[in-house]
Amino acid sequence: MIKVRGLSKSFGDFQALRDVNITVPKSSVYGIVGPNGSGKTTLIKHIVGILIPDRGSVTIGDIPVYDNPILKESIAYIPDDIYFFPQADLTEMINFYRQVYPSFNDERLQKLIPIFPLDHHSPLRRFSRGMKKHAAFMLALCIMPKVLVLDEPMDGLDPVARRKVWSLIFQDVSERHTTVFISSHNLRELEDVCDCVGIMHKGEVVLERNLDELQNNIFKLQLAFRQEVPDLSNLTVLSQNQVGSVVHLVVRGEKEQIISQAAQLDSMMIDVLPLSLEEIFIHELGGMDYGISSTNI
Amino acid sequence: MASAAPIFSRALFRKNLQRFWPIFTSYIFIVLLIGFNLTYNRRLAPELFTPLTPQLFMDRVYSLSGILALVVALFSIVAATAVFSYLFNNSAAGMMNSLPYTRRTMYFSNYLSGLFMVILPLLVFFLILTGIGIVHNCLDFTALLGWLFIFVSLSLLLFSLAVFMAMLTGNMIAHIAFYGIANIIIFGLLMVIDAFLSQYLYGFTSLFTHSNSYINALMNKLTPVIYTSELSGTYTQLNWWVWIAYLLFGMVLIGAALQMYNRRKMEKSGDIITISGLEPIFKYGVTICTSLTLGEIILHGFINPSSGLLVSWLVFILAGMLGYYVAEALLRKSFKVLDSYKGFVVYALIMSLVILSAWYDWYGYATRIPDVNQVEVVAFSSNYAYYHENILQADHGPVYFDNLPNLPESLALTYGTPISPEKDPQTNEYLYPAMANLTPEETRLLWSASRGVFSQANSKDQIVALHQYIIDNIDVVREKYRTTMFIDDNNRQYNITFDYRLKNGKIMTCRFPVYLATNAPEAWETQMLEQMASIAGCDEERQKMIAALDMSANQVNRIVLDSLVSNEALLENESDAITPRRYNEAIEIHSQDREELLTALTWDFRDMTNEQILNSPGKFIASMEISFERPQLPVNNKYRDAKGYWYDIGVYHTHTIKFLRDKGYIDEDIYQYALRNVAEKR
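Listed in order, the protein sequences are those of chains A and L.
Going by my numbering, the first residue of the first sequence is number 1, and it counts up by one from there.
Going by my numbering, the first residue of the second sequence is number 298, and it counts up by one from there.
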C-alpha cells in the first residue's frame, strides 16, 4: 500500500504540493487526475523517490521510499518524458536493467519481445515517442514490479498498443497483485481501468475516492416543471442549466436520496443519470476556478 | 537502512565506461603521443641520441609537467561532466534517481568511474615510461613513482574539484565555467585586486613584488595547474607536503561533494545554482568580479586609466551593474530582473566607499615611513634603474651578481670556484655554488658593491629625508600625478621607489610615481629634484661607479662602443636621439687607447654634478662594453676569464665623449650635441 502523508514541496516561491494525503490500496489501480500544473508529476516523483519532500512522507508498505534501494527494486517508473542513455540501443538498455534490477525476468522479456516489435540495435534516440513508450513498458514489466508508477503512460501510443499495454498491466495486477499508480488526462481511459481516483488541484488532493463510490455520489438530474422552477435548496446542486421547462442539474448525493428529494418538487419528470469521470472531474473542479464554460475566441 | 546499502554499483561503473570510453581512450592516446615525442621523436628530441642517464630521463619526464598538468585539468572536467551529466537534465536526473540505488551509491559509482578514466591513462603512461627506462637502462624507479604520485594527486584533486562544482550547479556550461574559475580563482582575484589598488591607492606597489614573494608562492600553490607546470625546473627540490595537501584536499572535496549530492534537489537540474544559500554568493561574486575585471578592461582598453575618480568610479559601478543583472537573470532564468535593484544599490554604496577610501588613502598607505634608526639598508631608485629586491634579501634566497663589474673578490672566490675540479659528465661544464642564501657578511659585501643600494648612515639619512619630504607634501604630489594625464615636454615622470630592509629583516617598499616640471618648477618640485640628485650623486654611489672602473688596461681585452646614436637622428630632431637609430656597427676601441678611455670615464664619474648623474639615463649617447679579466683569481674561477660589462654613456660623460671625438671614434656633431645639452642644462 502506498501512503502519502502531509506531503509538501515548493520550487522556490511556487508551492507545488500542499499537504497531500493519499492512500493507494495494494493490487489496485489508482488514477490521479488534475489540470496541468496541479502537481501530479511532482507527486509521482516523490512516490518513486526522485525528489526529497520539504515536509511529509511517502511510504510503501509503511517503509519510506526515498533512498531505499531495496524498496525501489520493486518499483517500475515510466515518466512522461522517457530518458534513455543517448547512445544506447534497446539491447544495451536491457542489459543495463538486467544488471541493476535483480528481479529482471528474461523469460518475460522473451514473451514481450514479440508483443513490442522493436529494432533492438537502433539507437533509442531515433525511436518515435510511441516506440520509446513501448521500450519503456517492456523494460518496466521485465523487472517484475510490485508497484508500477506511470506518468501519462498512454500518450503517444496508438489504440492497439494501448489495449496491449492495458492488458499486460491488468495481467500483472490480477496475477501478481501489482499496485498501479497512474496519472492521465485521458479520463475516459481511467474510468475504464481505475479502482480509485484522486483529483488534484493547485498542489492539493481535493478529492480521493473509490471510483464506484465517486460515481455513486454524483448524478445528473433532469426535472421538468410546468411553471417556475421551485426552490432547489434541498438538493446539493453543483450546476444548473434550464432549457425550456426542463432543468438539468448535477447533484451530489445518494441516488435514492436524490430521487426522494426530487419527488417533493412537484416535477413532471424525474430522470437520474450517472456522470462520466470526465463530467465528475469538471464539476468537482468547477468551484475551484476551473469550471468549464463555452470558450470562444 | 540506506547506510547498509553498498557504496558502489558495478552496473553503473561499467555503464559509464561503456558510454564514455572515448574520453579515457583519447586521454591515453594523448599521453602516448606525448610519450612518443619525449622518447622516440628524433625531430623534437635530437639529444636522444646521446645516452640516456636516469637524471636526463627524469629531466625529460618532468619537462612534460606543463602540458601534462593542462591535460589533467582538461580531462578532469570532461570526465566529471560526463559521469554526472544526468544532473544537468531533468529527465535524466529523474531516470537515474528512480533506479534502486542510494544517493551514496550513485555518487561513488559515478565518482569512481570518472576517477578511473583520469587515472588509467597516467598508469598506462607510467608503465610505458618504466618500460622505456628498463630498455634504455636509465630507470630511476623511485623518482618515477614520485612523478606518478604527483600526477595522481593532481588528478584526484582536479577531478574532485570538478565533481564538487557539478554539485553546485545544474547547468553544464556553468559547471565548466565554475571549474575553470575555481582553478584560477586565487590568481584571478589577486590580479584584479592588484589592478584595482593600483588604480586607486596612490603609491601601491603591487602584490607581486619580491617583498611579497610569499603571496606569489601561496598563489602558485593554490593554483595547482600552475604549480605543477613549474615542476620542470624545480622537480629536484620537490615540496612533498604540497602534493600530500593536494591529495588530502581532494579527499575533503570528495566528502563535501557527497554531502551536497545527498542533499541535492533534483528538480534544480538546469539551474545555475542548486543550493539556495549559495545564490547570494554567486550573485555578488559575479558582480564584484565583473566590476573589477570588466572595469579594468574598459579603463585600460577604451578610456585613459588616469581619467580621474569620477570616470573610473562610474566605469566600475556600471561594470558591476552589468554583472549584477546578468547574475540575477541567470538565477531567475528571465530577463525581467530590473525590480531587483536594491541589492545592487547596496553593492554600489559599499563599492563607492571602498573606492573613496582608497582614493583618499584613509588607510595612510602612502604616508608610511620607517624610523631611520630601524633601517639596515635601503635601495633607492627614481627611474627603475636597478632591480634591488633580490639583493636586499640575498641572505634569504637566490640572487644574481654576475653582472657586477666591481664584484668583491671574496664573493668571486666563493661563488666562482667550481664545486669539484671535475666537470659534470652530463653537461661537460663545471658546477658552481648556487648564488643563494649568502652569509650576512657576504650580503653586506654585495650591498657595498651594488649601485642603488645604500647602507651608509649619511646616505640613509638623505633617503629617509626625501621620503619624509614627499610625505609632507603628499597631497600636492599625488594631485599632480593624478591630474597629469600624459608626459609632456614640461613634465618628467619619476618612479621614486624606496625599498627598505629593516633591522628586523622585514622589507618595506614605498613607491611614489611623480611628475615634476622641467620648466618653471614649483618650490616643492625643485626641492625634491635637489634631494634626489644629492642621493644619486652621493659619495657612496660615486665610490661604486668608480670602483666599477677600477682595473688596469692590461686586464682589459676589449672595449666596444655599441648602440651609438646616429648622426642623422641627432641632427633631425633632438628627441629622436633616444630612438633606436644607431650606427649599424659597433666601434672597437684600439688597445693603445684603452687606458686613456678608462681614465676619462673615471674622471666623468668624479666630475659629474649630482643633477647630471640623476638625469644621465635620459641623455643617452651609447652603450660601452668593457671586457676584462681578473687574473688574480684561480684558474678555474668563472670570473677570471674576460667577461663583458655594460656602461651607459650619456651627454654628461664629457671627458669620455671628448676623448672619443679626439681619437676619431665619433663624429664632431655627436660631440657638439653633447656639449649643447650640457650647456643647456647649465
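By construction, these hints were calculated from the structure, which means they are not laboratory data.
Heads up, some of the hints might be wrong.
Pairwise CB distance ranges (calculated) [what the hints assert, rightly or not]:
| id | chain 1 | residue 1 | chain 2 | residue 2 | range |
| --- | --- | --- | --- | --- | --- |
| 1 | A | 105 | L | 364 | 45 to 53 Å |
| 2 | L | 428 | A | 87 | 43 to 51 Å |
| 3 | L | 545 | A | 170 | 43 to 51 Å |
| 4 | A | 87 | L | 527 | 35 to 43 Å |
| 5 | L | 512 | A | 121 | 53 to 61 Å |
| 6 | L | 634 | A | 252 | 46 to 54 Å |
Note that CB positions come from ideal geometry on N, CA and C, so glycine has one too.
Hints and how they fare:
1. A:105 / L:364: 45 to 53 Å: 52 Å, holds
2. L:428 / A:87: 43 to 51 Å: The hinted range 43 to 51 Å is violated for residue 428 of chain L and residue 87 of chain A, with Cβ atoms some 34 Å apart.
3. L:545 / A:170: 43 to 51 Å: 58 Å, violated
4. A:87 / L:527: 35 to 43 Å: Cβ of residue 87 of chain A to Cβ of residue 527 of chain L: about 40 Å, so the range 35 to 43 Å holds.
5. L:512 / A:121: 53 to 61 Å: 60 Å, holds
6. L:634 / A:252: 46 to 54 Å: Holds, since residue 634 of chain L and residue 252 of chain A (Cβ atoms, about 48 Å apart) stay within the stated range.
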